[in-house]
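Asker: Got chain E sorted already, so can you dock chain Y onto it with the hints?
Chain by chain, the residues:
Protein chains: 2
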Amino acid sequence: MQKPSLPSGTRDFGPKAFEQRRYVMGIMEKVFRLHGFQGIETPALENLSTLQGKYGDEGDQLLFKVLNSGDFLSKVKEEDKANIQSKELLPKISNRGLRYDLTVPLARFVVMNSNEIQFPFKRYQMQPVWRADRPQKGRYREFWQCDVDVVGTKSVVSEAELIDIYLEVFKVLDLGVIVKINHRGILDSFLSIAGNQENWNSFMQAIDKFDKIGLEGVNTELQNRGLSHMLEVWEAYSKLSEQQDITQLIEGLRNIPELQGEELELGILALTEVLELVTDKSSVMWDLRLARGLSYYTGCVFEVLPNDQRLDERFNIGSIGGGGRYDNLTGIFGMKDVAGVGVSFGLDRIMDTLAAIEKEEEVTNQNGILFCCMDKESLPLAVTLSRELRSFGLSAEIYPGAVKLKKQLDYANQRNKQWAVIIGESERESGELSVKNLVSGEQSKVVQSELRNHF
Amino acid sequence: MQKPSLPSGTRDFGPKAFEQRRYVMGIMEKVFRLHGFQGIETPALENLSTLQGKYGDEGDQLLFKVLNSGDFLSKVKEEDKANIQSKELLPKISNRGLRYDLTVPLARFVVMNSNEIQFPFKRYQMQPVWRADRPQKGRYREFWQCDVDVVGTKSVVSEAELIDIYLEVFKVLDLGVIVKINHRGILDSFLSIAGNQENWNSFMQAIDKFDKIGLEGVNTELQNRGLSHMLEVWEAYSKLSEQQDITQLIEGLRNIPELQGEELELGILALTEVLELVTDKSSVMWDLRLARGLSYYTGCVFEVLPNDQRLDERFNIGSIGGGGRYDNLTGIFGMKDVAGVGVSFGLDRIMDTLAAIEKEEEVTNQNGILFCCMDKESLPLAVTLSRELRSFGLSAEIYPGAVKLKKQLDYANQRNKQWAVIIGESERESGELSVKNLVSGEQSKVVQSELRNHF
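Top to bottom, those sequences are chains E and Y. Position one of the first sequence corresponds to residue 3 (my numbering), numbered consecutively onward. Position one of the second sequence corresponds to residue 3 (my numbering), numbered consecutively onward.
This is chain E alone, in the form it adopts within the complex:
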């Protein structure tokens, strides 16, 4: 018989990993809720008509498609089968796919429930998504997104709140981060130098590689893309983005004549207002080069990166979160004028980053009580006593079956139990139980009625 295996790019989460993820998601959820966000969940299965065409050509390729059930070829005529190709066959045999992100499902949800939703709609959603990407370090085919969005408002209060949420979550997780922000308006101001939309798109693709290939690399890219006429402004702009002082940065921007216009001023104003409202300004950086997901966003864009001294210099996982303002979220489903802004936490990369600084204190604490019975006759008493302890909120379980004490204590130690309560014939008769502290090794006799007070 073949040994079972997992599909590439998917993972099991055993007890330890489950506990760590639960802890991190619990912190996120707590922060989201304190800020008044409400949870929703959407199905893993969506109609392909909902998903297709929303993530670009590459995204369509990466969608997991689900075969129609039963005799899925029944809609294909016999005469059409010969020489049929994947692209032609696909729409005949698959109507559904797996959720690719949480933003398109949010847009669908808002459109389908617009009568019941109170706007501004502040929702969080923490669920897995699926992408048929090539698996590699930090990239999975089934991975978790934790999204927070405010739908139905254009106020910058929401941008500032989302940045605060990022910083609050990572503060509790004790992970140093930097939130980079930029504004679509600033980048749009390059349109007139680019000459046309196509050039501008090409320019965006080039500068988006800055983190990987550096300034030299981007310059070469621009030349190869026939954008030499943009080099001069780009270099001035790029140099300016190292300016830490916001006032001087804005002054510098206003000193590049080619960029002037309404869009630039809109961007400057929005970012200034956002920064003013952010609580911990020292962890936020205005990064002129940040060019995230541009087909999608219309205002502020965000990205979060680990920025922690305990991380090895070679540790490079990329961003652990990102998002931005979209002023036409539901337009893809025919509902106009719904503005919103949202950010995503990349749970899996966050877990990988926390693992890299070995934050595992939570797991090693010993707690809980194991009842060890020396004979079958002691089991009913153990059931009664463990139930009583649980009713006071203590974790208490009985080793199933009266096996050798060593085996039972081994289990207690492996499961990090703090206490073992040993019951045999003499304990039943005397009413005094043997209680062993598994941390110190001390053993004592405790009267049955005093058991609860002992812990």
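Among the clues, some could well be false.
Just so you know, same-sequence chains aren't split out, so a pair can sit in one copy or run between any two.
Unchecked claim - SDA-like mimics (lysine to any residue), calculated; alpha carbons at most 25 Å apart, straight line: (1) Lys447 to Ile195; (2) Lys406 to Thr155; (3) Lys338 to Leu268; (4) Lys283 to Asp247; (5) Lys156 to Asp103; (6) Lys283 to Asp377; (7) Lys32 to Arg136; (8) Lys32 to Phe15; (9) Lys378 to Gly254; (10) Lys5 to Lys338; (11) Lys409 to Asn49; (12) Lys77 to Arg312; (13) Lys83 to Ile334; (14) Lys173 to Gln311; (15) Lys211 to Ile86; (16) Lys32 to Leu387; (17) Lys156 to Asn439; (18) Lys5 to Asn117; (19) Lys214 to Ser243; (20) Lys338 to Ser446; (21) Lys94 to Ser71; (22) Lys18 to Gln40; (23) Lys139 to Glu118; (24) Lys283 to Ser397.
Everything labelled a hint here was simulated from the structure, so no lab data went into it. Being a predicted model, the structure only gives us computed values, none of them experimental.
Answerer: Leaving out everything else, chain Y in the frame of chain E:
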């Protein structure tokens, strides 16, 4: 543009439903953990080789299969395409499917991680599963199972613990239930009367319908299936199952000569021992006719049904949970001698049942604070104050943007906020904020530094 829709048999969970499900799952998880169970999660995507052949022919039909990504037809030769049929094409274009239950993934997990797992392995798992079934009331294509299993022990302590867990969870949920139990040994004792395995299987299928078609119906079924020779014993057995007194029930079983044998005595012994250890015996019923999932189970079997006076008589949702002992869980993956016992909570049917008795108290509580700013200049103060309140664990948010007060208060009421803090120019200058109690309607002035103590 087409209005978006959801695939049949799937659902969104908006804020209200999300909150109710979270509450119920939170109670389950708390009980599981107090009993020392550890959480795990497995991927939604499994290899088809893991899933197929585990749920019978009907199960294989109901598996959702996922298309291989990219050019999925590339493995099919051009000359083979003509006249190809679904069954023949399927293995060439799909290697993966969606999780069908949580038990086969558990078996796979145990086999793949047998070196790291400490046995007995007490695990809980709460995740969605998918079945391409015909959707109807109480039956969905994407639905949640909440499973608790003890793997690696034959002790009846585990059966008793799982029954206690059922009863503890439903007690906290304030839903009356009855746990039915039976034992495979009792049913196996019919084998000699049946004559052969095939007849016995047919007998099981017939009596499994008892809940739907009653005694008359089962009798007719038995005749139609050529099992008239079993009628007499079946009728005596069926009558006996109405006996409430366990001692008399056992005596009655021992008085049916055709059933005597080792299997019967094994079943009687196990059930007696289980019942002895169960805490609340009044909610447990030994139901001789319970014949649940027999291809699978080898010992005790369980089923939970709602049993609550507040439910309308016509409310009939079937079982809201079930399970049993399997003494060869991992055998399907080539690992022998791993015994276990487990039960499942059917979350969706539990939610439907709770909704039928209208238990919605949790949702109507008013809590949380909304900051309403009368002008943009008040936003930074609101940010500072709301952050301080959150640091004390209070849910506090700012209405995004200084829009008309009425609109802001409407939002506060719709979101069931308890308090509104109103800040405008005069409040900023005097340092006294207007605080409105949205439950009583009272409004008062509160000094900024006293705000936290006011809530």
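Asker: Could you figure out if Lys173 and Gln311 sit no more than 25 Å apart (CA to CA) within one copy, between two copies, both or neither?
Answerer: within (14 Å within a copy, 50 Å between copies)
Asker: Evaluate Lys214 and Ser243 at a C-alpha cut-off of 25 Å and name the case that applies: within, between, both or neither.
Answerer: within (17 Å within a copy, 73 Å between copies)
Asker: Have a look at Lys83 and Ile334 and pick one of within, between, both or neither, based on CA distance no larger than 25 Å.
Answerer: This pair counts as neither: shortest intra-copy Cα distance 34 Å, inter-copy 37 Å.
Asker: Given identical chains, is Lys338 near Leu268, meaning Cα to Cα at most 25 Å, within a copy, between copies, both, or neither?
Answerer: within (22 Å within a copy, 68 Å between copies)
Asker: With identical chains, the pair Lys283 and Ser397 could be close in the same copy or across copies; at 25 Å between alpha carbons, which is it: within, between, both, or neither?
Answerer: Between copies, since 23 Å is at most 25 Å while 43 Å is not.
Asker: State whether the alpha carbon distance between Lys32 and Phe15 is at most 25 Å within one copy, between copies, both, or neither.
Answerer: Answer is both; intra-copy 22 Å and inter-copy 19 Å each pass.
Asker: Should Lys77 paired with Arg312 be assigned to within, between, both, or neither, using CA atoms and 25 Å as the limit?
Answerer: For Lys77 and Arg312, neither the intra-copy (58 Å) nor the inter-copy (48 Å) Cα distance is at most 25 Å.
Asker: At most 25 Å between C-alpha atoms: does Lys156 with Asp103 qualify within a copy, between copies, both, or neither?
Answerer: within (23 Å within a copy, 44 Å between copies)
Asker: Up to 25 Å between alpha-carbons, please classify Lys447 paired with Ile195: within, between, both or neither.
Answerer: neither (84 Å within a copy, 56 Å between copies)
Asker: Go through the copies and call it for Lys156 and Asn439: within, between, both or neither, with a Cα cutoff of 25 Å.
Answerer: The answer is neither: 59 Å in one copy and 28 Å across copies each exceed 25 Å.
Asker: For Lys211 and Ile86, with the copy left unspecified, which applies at a CA distance of at most 25 Å: within, between, both, or neither?
Answerer: neither (39 Å within a copy, 46 Å between copies)
Asker: Measure nothing new, just compare the shortest in-copy and cross-copy C-alpha distances for Lys283 and Asp247 to 25 Å and report within, between, both or neither.
Answerer: This pair counts as within: shortest intra-copy Cα distance 12 Å, inter-copy 73 Å.
Against the hints set out earlier in the document, violations occur for numbers 1, 7, 9, 11, 12, 13, 15, 17, 20.
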